[in-house]
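*Asks:* Here the protein sequences come in this chain order: C and P.
Numbers 1 to 159, taken from the working numbering, label the letters of the first sequence in order.
Numbers 1 to 159, taken from the working numbering, label the letters of the second sequence in order.
No lab work stands behind these hints, which were simulated from the structure alone.
It is possible that part of the hints are untrue.
Where chains are identical, the list cannot tell them apart; a pair therefore holds if satisfied intra-copy or between any two copies.
Simulated pairs of lysine-lysine, DSBU-like, Cα-Cα distance not exceeding 30 Å [to be verified]:
{"hint": "1", "residue 1": "K54", "residue 2": "K116"}
{"hint": "2", "residue 1": "K155", "residue 2": "K39"}
{"hint": "3", "residue 1": "K155", "residue 2": "K38"}
{"hint": "4", "residue 1": "K119", "residue 2": "K94"}
{"hint": "5", "residue 1": "K19", "residue 2": "K38"}
{"hint": "6", "residue 1": "K38", "residue 2": "K68"}
{"hint": "7", "residue 1": "K76", "residue 2": "K155"}
{"hint": "8", "residue 1": "K94", "residue 2": "K124"}
{"hint": "9", "residue 1": "K116", "residue 2": "K76"}
{"hint": "10", "residue 1": "K51", "residue 2": "K119"}
{"hint": "11", "residue 1": "K20", "residue 2": "K76"}
{"hint": "12", "residue 1": "K38", "residue 2": "K116"}
{"hint": "13", "residue 1": "K94", "residue 2": "K51"}
{"hint": "14", "residue 1": "K94", "residue 2": "K116"}
{"hint": "15", "residue 1": "K19", "residue 2": "K51"}
{"hint": "16", "residue 1": "K124", "residue 2": "K38"}
{"hint": "17", "residue 1": "K155", "residue 2": "K68"}
{"hint": "18", "residue 1": "K94", "residue 2": "K137"}
{"hint": "19", "residue 1": "K38", "residue 2": "K20"}
Please read these numbers as outputs of a predicted model, since none were measured by experiment.
Protein chains: 2
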Amino acid sequence: MIILGIDPGYGRLGCAVLKKESKQEELLDFFCIETNPKKTYYERILEITNKIEKTINEYKPDTLAIEKVYFTNNQKTALNVSEVKGVIIYLALKNGMEIHEYTPLEIKSAVCGYGKATKEQVKKMVALLLNVKEEIKNDDTIDAIAICLTCSAQKNIPK
Amino acid sequence: MIILGIDPGYGRLGCAVLKKESKQEELLDFFCIETNPKKTYYERILEITNKIEKTINEYKPDTLAIEKVYFTNNQKTALNVSEVKGVIIYLALKNGMEIHEYTPLEIKSAVCGYGKATKEQVKKMVALLLNVKEEIKNDDTIDAIAICLTCSAQKNIPK
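Just chain C, with the same shape it has in the complex (with noise of 0.2 Å):
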């Protein structure tokens, strides 16, 4: 089973591929894509999606594992992440993938058994639970590290 995680946005979003085996997981990959904010919305999408393309074509992910998007207080950034959202769905259906969405609170609590955990927690559980010894800084791609765990995890709990 090989996971394509994603936190997604159009500034930053953020990418992980895990591989596991048994119970065996293995971060293949893991990267942020920033888009130069110069440049058009449109230019940023196909930017962001033409690397998400090139990834799936490379490690052929099975599954897709997502963040939900939730209202901040800008709604404008909340529709516009969520369009860039719906191309990786897309991206991630025409390939056969299943498709998996979680909210931050999931994704917390399955990654640090608690649901209002601090980034700094996150980042901490990421790198004990996959024995990752650089330090990865970057918040976005520590979430989609830690969106592939949930959905792991949650592949281990018979139906």
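Guided by the hints, dock chain P onto chain C, whose structure is given.
*Replies:* Here is chain P on its own, set in the frame of chain C:
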């Protein structure tokens, strides 16, 4: 110039294709995609986008004119409609199309000369402007045609 006009939605999506040569406007196609509420949200997204892709391949529009999503009482609906809108924008970008977004106010102003026009007034003006003989009953389809007309009208104004 061929304009693809879209009133986005996942339950019902209005679509129209308008051809413009010099000042002559010709309605090439118009329809409403209505998806089955018993299907999953993802199946509905895929059904809609497949049909839009087919329409793009058939008419080769050079311009997408799409309605902006605004906040209704139901925020979840606004987010889901934005996801569908995102996919359509992506398809337009992939096909090298220009993209224009319009608010309901801009559309009503362009078609009826009055931003608070009723659905009935928009319907009458659409029929009048395009000399459509048959009655177009579906509101989403009428909106999609009105979006095409808005884009077409803007292109008449020298910059």
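*Asks:* For every hint, state whether the structure bears it out.
*Replies:* Structure-based check of each hint:
{"no.": "1", "hint": "K54 x K116", "in the structure": "neither (34 Å within a copy, 45 Å between copies)"}
{"no.": "2", "hint": "K155 x K39", "in the structure": "between (39 Å within a copy, 24 Å between copies)"}
{"no.": "3", "hint": "K155 x K38", "in the structure": "between (41 Å within a copy, 26 Å between copies)"}
{"no.": "4", "hint": "K119 x K94", "in the structure": "neither (33 Å within a copy, 36 Å between copies)"}
{"no.": "5", "hint": "K19 x K38", "in the structure": "neither (36 Å within a copy, 33 Å between copies)"}
{"no.": "6", "hint": "K38 x K68", "in the structure": "both (27 Å within a copy, 22 Å between copies)"}
{"no.": "7", "hint": "K76 x K155", "in the structure": "between (34 Å within a copy, 26 Å between copies)"}
{"no.": "8", "hint": "K94 x K124", "in the structure": "neither (35 Å within a copy, 40 Å between copies)"}
{"no.": "9", "hint": "K116 x K76", "in the structure": "both (25 Å within a copy, 23 Å between copies)"}
{"no.": "10", "hint": "K51 x K119", "in the structure": "within (26 Å within a copy, 42 Å between copies)"}
{"no.": "11", "hint": "K20 x K76", "in the structure": "neither (37 Å within a copy, 32 Å between copies)"}
{"no.": "12", "hint": "K38 x K116", "in the structure": "neither (35 Å within a copy, 35 Å between copies)"}
{"no.": "13", "hint": "K94 x K51", "in the structure": "both (16 Å within a copy, 14 Å between copies)"}
{"no.": "14", "hint": "K94 x K116", "in the structure": "neither (35 Å within a copy, 40 Å between copies)"}
{"no.": "15", "hint": "K19 x K51", "in the structure": "within (19 Å within a copy, 34 Å between copies)"}
{"no.": "16", "hint": "K124 x K38", "in the structure": "neither (34 Å within a copy, 42 Å between copies)"}
{"no.": "17", "hint": "K155 x K68", "in the structure": "within (19 Å within a copy, 38 Å between copies)"}
{"no.": "18", "hint": "K94 x K137", "in the structure": "neither (32 Å within a copy, 33 Å between copies)"}
{"no.": "19", "hint": "K38 x K20", "in the structure": "neither (39 Å within a copy, 33 Å between copies)"}
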